[in-house]
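What follows is each chain in one-letter form.
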Amino acid sequence: MSPDEYVLELRNISKTFPGVVALKNVSMNVKKGEVHALLGENGAGKSTLIKILSGYHQPDKGGEILINGKPVSFKEPRDAIKSSIVTIYQELTLCPDMTVAENIVLDKQNEFKGFLLRQSDYQVIADRVLSALGQNEIDPNRSVRSLSIAQQQVVEIAKAVTSKAQIVLMDEPTSSISESDTKKLMDIIRNLKANGVAVIYISHRLHEINGIADRITVLRDGELVGTVNNADVTEQDLIQMMVGRELKNVYPKRDVQIGETVLKVENLVSGELVKGISFEVHKGEILGIGGLVGSRRTEMLEALFGLRPITEGKIYLNNEEIHPRNPREAIKHRIAFVTEDRKKTGLVACLPVYENINMLNAQRPSFAGYLNWQQLKEIAQRHRKTLDIRVSKIEQIMGSLSGGNQQKVALAKWLDFSPQVIIFDEPTRGIDIGAKTEIYQIMGDLAARGTAILMVSSELPELISVADRILVMQEGYMKGIVEKEQMTQEYVMSLATQKMQNLPANSPMKGLMTDAC
Amino acid sequence: MHAKTDSTPKSRTTFMKLLIRYRTMVILIVLMAVFSLLRPVFINPANLLAILKNMSYVLIVGLGMTFIITLGGLDLSVGSIAAVVGVTFALLVRGGLVPAIPALLIVLVLSMLLGFLNGFISVKGKIEPFLVTLATMNIYRGLALTLTSGKPVPIVIPHFADIFGNGRLFNVIPTPVIISLILFAISWFVFTQTKFGFFVRSIGGNQEASRVAGIEISKVKLAAYTMSGLYAFISGLILAALMNSGLPDAGKDLALDAISGVILGGTALLGGVGTMWGTLGGCMIIASLNNGMSLLGAQYHVQILVKGLVIIFAVLMDNAFKSRQR
Numbered sequence: 001m002s003p004d005e006y007v008l009e010l011r012n013i014s015k016t017f018p019g020v021v022a023l024k025n026v027s028m029n030v031k032k033g034e035v036h037a038l039l040g041e042n043g044a045g046k047s048t049l050i051k052i053l054s055g056y057h058q059p060d061k062g063g064e065i066l067i068n069g070k071p072v073s074f075k076e077p078r079d080a081i082k083s084s085i086v087t088i089y090q091e092l093t094l095c096p097d098m099t100v101a102e103n104i105v106l107d108k109q110n111e112f113k114g115f116l117l118r119q120s121d122y123q124v125i126a127d128r129v130l131s132a133l134g135q136n137e138i139d140p141n142r143s144v145r146s147l148s149i150a151q152q153q154v155v156e157i158a159k160a161v162t163s164k165a166q167i168v169l170m171d172e173p174t175s176s177i178s179e180s181d182t183k184k185l186m187d188i189i190r191n192l193k194a195n196g197v198a199v200i201y202i203s204h205r206l207h208e209i210n211g212i213a214d215r216i217t218v219l220r221d222g223e224l225v226g227t228v229n230n231a232d233v234t235e236q237d238l239i240q241m242m243v244g245r246e247l248k249n250v251y252p253k254r255d256v257q258i259g260e261t262v263l264k265v266e267n268l269v270s271g272e273l274v275k276g277i278s279f280e281v282h283k284g285e286i287l288g289i290g291g292l293v294g295s296r297r298t299e300m301l302e303a304l305f306g307l308r309p310i311t312e313g314k315i316y317l318n319n320e321e322i323h324p325r326n327p328r329e330a331i332k333h334r335i336a337f338v339t340e341d342r343k344k345t346g347l348v349a350c351l352p353v354y355e356n357i358n359m360l361n362a363q364r365p366s367f368a369g370y371l372n373w374q375q376l377k378e379i380a381q382r383h384r385k386t387l388d389i390r391v392s393k394i395e396q397i398m399g400s401l402s403g404g405n406q407q408k409v410a411l412a413k414w415l416d417f418s419p420q421v422i423i424f425d426e427p428t429r430g431i432d433i434g435a436k437t438e439i440y441q442i443m444g445d446l447a448a449r450g451t452a453i454l455m456v457s458s459e460l461p462e463l464i465s466v467a468d469r470i471l472v473m474q475e476g477y478m479k480g481i482v483e484k485e486q487m488t489q490e491y492v493m494s495l496a497t498q499k500m501q502n503l504p505a506n507s508p509m510k511g512l513m514t515d516a517c
Numbered sequence: 001m002h003a004k005t006d007s008t009p010k011s012r013t014t015f016m017k018l019l020i021r022y023r024t025m026v027i028l029i030v031l032m033a034v035f036s037l038l039r040p041v042f043i044n045p046a047n048l049l050a051i052l053k054n055m056s057y058v059l060i061v062g063l064g065m066t067f068i069i070t071l072g073g074l075d076l077s078v079g080s081i082a083a084v085v086g087v088t089f090a091l092l093v094r095g096g097l098v099p100a101i102p103a104l105l106i107v108l109v110l111s112m113l114l115g116f117l118n119g120f121i122s123v124k125g126k127i128e129p130f131l132v133t134l135a136t137m138n139i140y141r142g143l144a145l146t147l148t149s150g151k152p153v154p155i156v157i158p159h160f161a162d163i164f165g166n167g168r169l170f171n172v173i174p175t176p177v178i179i180s181l182i183l184f185a186i187s188w189f190v191f192t193q194t195k196f197g198f199f200v201r202s203i204g205g206n207q208e209a210s211r212v213a214g215i216e217i218s219k220v221k222l223a224a225y226t227m228s229g230l231y232a233f234i235s236g237l238i239l240a241a242l243m244n245s246g247l248p249d250a251g252k253d254l255a256l257d258a259i260s261g262v263i264l265g266g267t268a269l270l271g272g273v274g275t276m277w278g279t280l281g282g283c284m285i286i287a288s289l290n291n292g293m294s295l296l297g298a299q300y301h302v303q304i305l306v307k308g309l310v311i312i313f314a315v316l317m318d319n320a321f322k323s324r325q326r
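Protein chains in written order, with my numbering: chain F, 1 to 517; chain R, 1 to 326.
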């Protein structure tokens, strides 16, 4: 195929954020009318690539983007739209109180002359595009709020199609819709393809990609692993390409004596979300918690930590029943919670590093509420040293740190309370590989000192390599606890995905790593 | 050759950095220089003291407002609380109904209660502080007007005007200036050196992260709004003393002037970032503007027009500062 048939070409695209190289020299191309899947683990650089293509990020100097053979540069999202690249994000970007038709024409107001709204024109356009997509059951006059998530997605796609897109980027379009809606989406994608539109499709779900993609590009740790024809590879090959590293180097070995029970949870229920979870975690043990996104692992932990009401069940700490009603009480029982979303719940981005480290230390009783900052700064320095937090000075503003260093600070603030139980929710999300290993090392050290650890992770290799046992959840229910000798990615995944009723043990499954990549 | 081309833009950026970092100071100094050139009497010590005196009651509520805004909140009701303070104090001491000291204590408790109510409604009712204090601003003002049927109530007790209003320490420094500077020092200490100040900054910076870290958000908020009432109490006393009476419409511009001063001082309206020094500088900018323009013969309506422009300019500099930080 001659190069001018590529509708999109990327040449040597790199992107560096302060402290992290998100993309290194990635080159790929997309043909007209092709469905091109983009695959990779968390932090592989897929989102960064999509954001560059949609104009939210600018690539580092030296890279080139060509559309129909002509170099382009996007300074802002509207430049990408002008070059007929349309992005459909995970979170929908519709105005919920406007009608379907209004949403579809919202980004095309330049095409309408005059001053007044033209509702009837809008409807004609909306009708035409919806029926072209085979979605006649959606009434253009309804407000978007009244539609199902899947229908809203159709509207989003309709919006993209009417703007005469040459390239449609779909960032995990099926993450929030049902199986049957996914099938409809696949039909729509085939429809787009038939009309010569190139679709770049990001998904964790290998079986979806298998069914729809022509070619697949795999990224790992910000680098291009390769582009392959879908017909030439198996799911196993793709997993190999995605994970393809020596796991031994990433996950440090640890050999910890597991002691008596520290935390025991019996039939924990929290409203409609968490439905009867029971487990024990021992001194020095790391209990992994697995499940798909939406399996309410975080909600379960939040209930434990007093962030959610507990409606039923009992929690025992060292054989004594406790009732944490808010984080403060949980902390009094020396339970720590390193949360999933650092920016939202783990850190105060506008404060300096040393103040973040001392969020809990500052709460110790003191005369007239006076804080001895000199002493607190020394504490911060000590943590900086032992955890190897890389900052130029501890007065540095938190928001400017890389993910790995932020995570270390988010952890450091708990340590002076010598927690008995530490809850880690996705401790390595958005962290580069080197820092990941350090975090595992720290977790191992904490366990060695007798701390009981709970760790939620969506990365199966991480879960299996780090955890001593794995509790698997599905939609708020507990699906079972996997012992060390049973641990395979396939088995954990089958527990996490298969329907509650018919669960054959150790069944091979499709869509491995559904949530892990 | 290389060194030269490299160093020039670098030194320029450090200069710009300093300029932006100390923007409040820079604006203040430029402003004072301009006024001094146009009207040399501006720089006269007596005039400077007059500026500080007119600034005092704005600065005092501004100090409380710094806590509130850093916390991510807003208190529009301080001017009305100040009016309630003046009016109730005047009514209590009128005709020797209540002796001065107990009257002061009653009014003190009342003002803190009004501040506490702001916080309580906002925290328990989960209502934006902007809306709550917009409402209480009217309610408290209505209270002051109702109590007095809209008429000023003279305060005729010995020493009151001297202590809080027109007296001078060593016959030089006006007492309101002394009071406001002492409060500034205390506020600076509380803001930077105590748990409370730290929690205010951390809650304003990230409320959810502070909750997870076990900080008692509601308590801190209630305390901050109660304190804002306390600052309004002192400000209200000064206003009453300057006029020698409780005026039901005293402090009408107080809240907005104080908020302007705080914002000019670089405190972020979204919370998390603020300094007491900035608030001092910001309030001085407003007071200098008022004074300087009066000296130039500008009328009130021109004054507020210029004040508005200066605020926009300062916020633009603020944004430049933030984009540089990134």
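Any given hint could be a false lead.
Below, a list of computed lysine-lysine pairs in the BS3-like style, where the Cα atoms sit at most 25 Å apart [claimed, not checked]:
{"id": "1", "chain 1": "F", "residue 1": "Lys-393", "chain 2": "R", "residue 2": "Lys-17"}
{"id": "2", "chain 1": "R", "residue 1": "Lys-195", "chain 2": "F", "residue 2": "Lys-393"}
{"id": "3", "chain 1": "R", "residue 1": "Lys-126", "chain 2": "F", "residue 2": "Lys-344"}
{"id": "4", "chain 1": "F", "residue 1": "Lys-32", "chain 2": "F", "residue 2": "Lys-82"}
{"id": "5", "chain 1": "F", "residue 1": "Lys-343", "chain 2": "R", "residue 2": "Lys-219"}
With the C-beta cut set under 10 Å, the calculated list includes, among others, these residues of chain F facing chain R [as the list claims (entries may be wrong)]:
{"id": "6", "residue": "Met-186"}
{"id": "7", "residue": "Ile-188"}
{"id": "8", "residue": "Arg-325"}
{"id": "9", "residue": "Glu-355"}
{"id": "10", "residue": "Asn-356"}
{"id": "11", "residue": "Gly-403"}
{"id": "12", "residue": "Lys-413"}
{"id": "13", "residue": "Asp-416"}
{"id": "14", "residue": "Arg-429"}
Keep in mind that the hints were calculated from the coordinates and are not lab data.
No residue lacks a Cβ here, since even glycine has one placed at the ideal position from N, Cα and C.
Broken hints, by number: The structure conflicts with hints 6, 7, 8, 11, 13, 14, although it agrees with all the remaining ones.
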